[in-house]
Amino acid sequence: MKNKNVIQVENLSKLFGGFAAVNNISFYVKAGEIFGFLGANGAGKTTAMKILIGISSPTSGKVTVAGFDVYKETESIKKNIGYMSQKFALYDDLTVKENITFFGGIYGLSKKQIEQKQHELVGELGLQEVVNSLVGSLPLGWKQKLAFSVSLLHDPKIIFLDEPTGGVDPITRRQFWEMIYKAAHNGTTIFVTTHYMDEAEYCDRVSIMVNGKIEALDTPKKLKEHYKTNTMNDVFLKLARG
Amino acid sequence: MSITISNISKFYGKITALSDISFDVKSGELFGLIGPDGAGKTTLFRILTTLLIADKGQATVAGYDVLEEYKSIRNSVGYMPGRFSLYQDLTVEENLNFFATIFGTTIEENYDLIKDIYVQIEPFKTRRAGKLSGGMKQKLALSCALIHKPKVLFLDEPTTGVDPVSRKEFWKMLKRLQEKGITILVSTPYMDEAALCDRIALIQDGKILEIDTPRAIVNHFPKSLYNIRTNDMYGLIESLTNYEHTYSIFPFGEFVHYTDKRDTMDIKSLKAYLKSQGLTNIHIEKTQPTIEDTFMELAK
Chain U
1 MKNKNVIQVE
11 NLSKLFGGFA
21 AVNNISFYVK
31 AGEIFGFLGA
41 NGAGKTTAMK
51 ILIGISSPTS
61 GKVTVAGFDV
71 YKETESIKKN
81 IGYMSQKFAL
91 YDDLTVKENI
101 TFFGGIYGLS
111 KKQIEQKQHE
121 LVGELGLQEV
131 VNSLVGSLPL
141 GWKQKLAFSV
151 SLLHDPKIIF
161 LDEPTGGVDP
171 ITRRQFWEMI
181 YKAAHNGTTI
191 FVTTHYMDEA
201 EYCDRVSIMV
211 NGKIEALDTP
221 KKLKEHYKTN
231 TMNDVFLKLA
241 RG
Chain W
1 MSITISNISK
11 FYGKITALSD
21 ISFDVKSGEL
31 FGLIGPDGAG
41 KTTLFRILTT
51 LLIADKGQAT
61 VAGYDVLEEY
71 KSIRNSVGYM
81 PGRFSLYQDL
91 TVEENLNFFA
101 TIFGTTIEEN
111 YDLIKDIYVQ
121 IEPFKTRRAG
131 KLSGGMKQKL
141 ALSCALIHKP
151 KVLFLDEPTT
161 GVDPVSRKEF
171 WKMLKRLQEK
181 GITILVSTPY
191 MDEAALCDRI
201 ALIQDGKILE
211 IDTPRAIVNH
221 FPKSLYNIRT
231 NDMYGLIESL
241 TNYEHTYSIF
251 PFGEFVHYTD
261 KRDTMDIKSL
271 KAYLKSQGLT
281 NIHIEKTQPT
291 IEDTFMELAK
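Residue numbers (our numbering), protein chains in the order written: chain U, 1 to 242; chain W, 1 to 300.
Treat the hints as calculated values from the structure; they're not laboratory data.
Using N, Cα and C, we set each Cβ at its ideal position, and we do this for glycine too.
Don't take each hint at face value.
Unchecked claim - Straight-line Cα separation of at most 30 Å, DSSO-like style, residue types lysine-lysine; simulated pairs:
| hint | chain 1 | residue 1 | chain 2 | residue 2 |
| --- | --- | --- | --- | --- |
| 1 | W | 168 | U | 87 |
| 2 | W | 223 | U | 87 |
| 3 | W | 131 | U | 222 |
| 4 | W | 223 | W | 275 |
| 5 | W | 261 | U | 228 |
What the hints assert, rightly or not - Label pairs and their in silico Cβ distance ranges:
| hint | chain 1 | residue 1 | chain 2 | residue 2 | range |
| --- | --- | --- | --- | --- | --- |
| 6 | U | 139 | W | 241 | 38 to 44 Å |
| 7 | U | 226 | W | 115 | 36 to 42 Å |
| 8 | W | 223 | U | 228 | 28 to 34 Å |
| 9 | W | 241 | U | 219 | 22 to 28 Å |
| 10 | U | 215 | W | 280 | 28 to 34 Å |
| 11 | W | 123 | U | 215 | 22 to 28 Å |
| 12 | W | 1 | U | 219 | 34 to 40 Å |
Stated by the list, open to error - Computed list of chain W residues with no C-beta within reach of chain U, every gap over 12 Å:
| hint | residue |
| --- | --- |
| 13 | 76 |
| 14 | 88 |
| 15 | 211 |
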């Protein structure tokens with residue numbers, strides 16, 4: 001059972017009218033892996049991700065996430081994953097403490113567990129001073145780090161990160177990745193999208209989507225060798241316009 | 001000088017958005033304002049485009065004072081805000097026509113200037129702006145900002161959230177506009193774009209950290225910088241964090257960028273230390289700092 005694939009995608013398609021936003025893609029993600037899901041704007045990343053997190057149904061194909069079927073068991077999927085996006089992560093008009101309590105409650109944690117998690121999390125992030133401040137008043141970098149920790153409250157098997165570091169300053173961006181490494185080190189599977197190609201290098205494996213299809217999937221090292229380039233940025237530039 | 005900024009400060013209640021900012025942008029220059037969200041970039045753009053009044057300091061744009069001569073500035077500059085601000089329910093062509101008319105010109109009169117950009121969206125000219133893809137919206141917004149042939153162009157984070165291929169194309173367009181004599185002030189959170197500017201200002205928390213050419217800024221990096229790679233990235237970061245001689249470590253693509261506290265770095269002993277931490281395939285080499293390294297050093 002060890003090294004089981006926590007995400008298994010076979011021949012997944014999603015059509016909008018006659019347009020195939022996701023066009024017959026297949027891949028898997030191993031437990032504990034940091035998997036980079038890359039592609040140009042409009043390549044179909046968000047559509048595919050929505051299916052994986054159980055909020056959109058595929059047109060065809062077989063997909064399981066954390067062992068659950070994306071057609072029939074979406075509620076079980078949601079309980080076993082964490083999700084964080086650049087666009088929405090926390091409630092700005094709730095305090096740090098209230099956000100933790102709220103999301104802990106949503107994830108079904110007991111009062112005692114929430115208190116313990118809150119204590120740990122505030123300590124690790126050094127947020128003691130602002131625990132009763134509105135999240136909206138915090139710098140973006142702090143917010144993103146807090147959002148990441150909150151999405152891990154219920155110890156999910158997999159965490160989905162949708163451009164988690166957009167616009168964040170370079171130091172915080174790296175601290176954020178250190179948190180990702182730590183989570184992966186502790187056994188959480190990481191599924192991440194980003195437009196920063198240096199971050200693609202931090203992933204164990206990377207897929208690149210072009211016009212609804214996965215055009216490349218391998219370790220950053222092998223992709224660079226295969227496309228005879230020195231950086232993931234160049235790999236991306238070679239592929240992304242087909 | 002195309003833009004002069006002298007001792008500009010702006011406060012929102014207790015928050016200092018801009019703190020005593022001064023710099024100039026030369027005529028025909030492509031000048032980059034580089035910094036993360038919340039650094040004060042948008043506030044500065046809004047002051048220079050006369051949409052916001054500074055609490056302290058003076059500024060001129062295209063020779064006009066931002067307070068006394070704001071109307072002349074508005075006729076001389078193009079402004080592309082960070083957020084898409086065209087009329088979503090007008091078509092591509094209607095939007096462009098609207099902005100041309102507002103400025104007392106026509107699409108035909110200045111078509112030359114926008115041609116390169118506009119031809120790419122012209123096939124969709126009867127489509128409503130709200131229905132365009134992100135990349136096309138960006139091209140339309142740039143066309144609208146250029147239609148009155150401005151002397152100075154302000155672009156506030158035009159490439160945020162845009163994929164690397166589209167970003168590259170966008171910067172090519174900027175270079176062509178610069179060749180046509182337009183002064184450009186552009187902001188971005190992407191440090192790799194800084195290298196494409198003539199000069200840049202690094203900005204964080206409302207303060208300018210440094211202003212110079214990208215090359216000079218990189219040359220100011222005060223320490224020797226090393227690339228380090230091992231079999232295990234997480235283990236490497238942990239080990240270096242606990243190493244007594246570590247001055248700074250930052251993950252950088254497949255490497256960690258490392259600087260040492262000592263004047264002369266002892267690669268052998270560092271290798272031995274990493275080995276003792278259980279790491280294998282240890283690779284250490286000297287490397288050139290980037291703008292991002294410099295930014296992080298200054299922002300520390």
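Results for each hint:
no. : hint                        : result
1   : W:168 <-> U:87              : 24 Å, holds
2   : W:223 <-> U:87              : 37 Å, violated
3   : W:131 <-> U:222             : 38 Å, violated
4   : W:223 <-> W:275             : 24 Å, holds
5   : W:261 <-> U:228             : 36 Å, violated
6   : U:139 <-> W:241: 38 to 44 Å : 23 Å, violated
7   : U:226 <-> W:115: 36 to 42 Å : 38 Å, holds
8   : W:223 <-> U:228: 28 to 34 Å : 33 Å, holds
9   : W:241 <-> U:219: 22 to 28 Å : 25 Å, holds
10  : U:215 <-> W:280: 28 to 34 Å : 33 Å, holds
11  : W:123 <-> U:215: 22 to 28 Å : 25 Å, holds
12  : W:1 <-> U:219: 34 to 40 Å   : 50 Å, violated
13  : 76                          : 30 Å, holds
14  : 88                          : 18 Å, holds
15  : 211                         : 18 Å, holds
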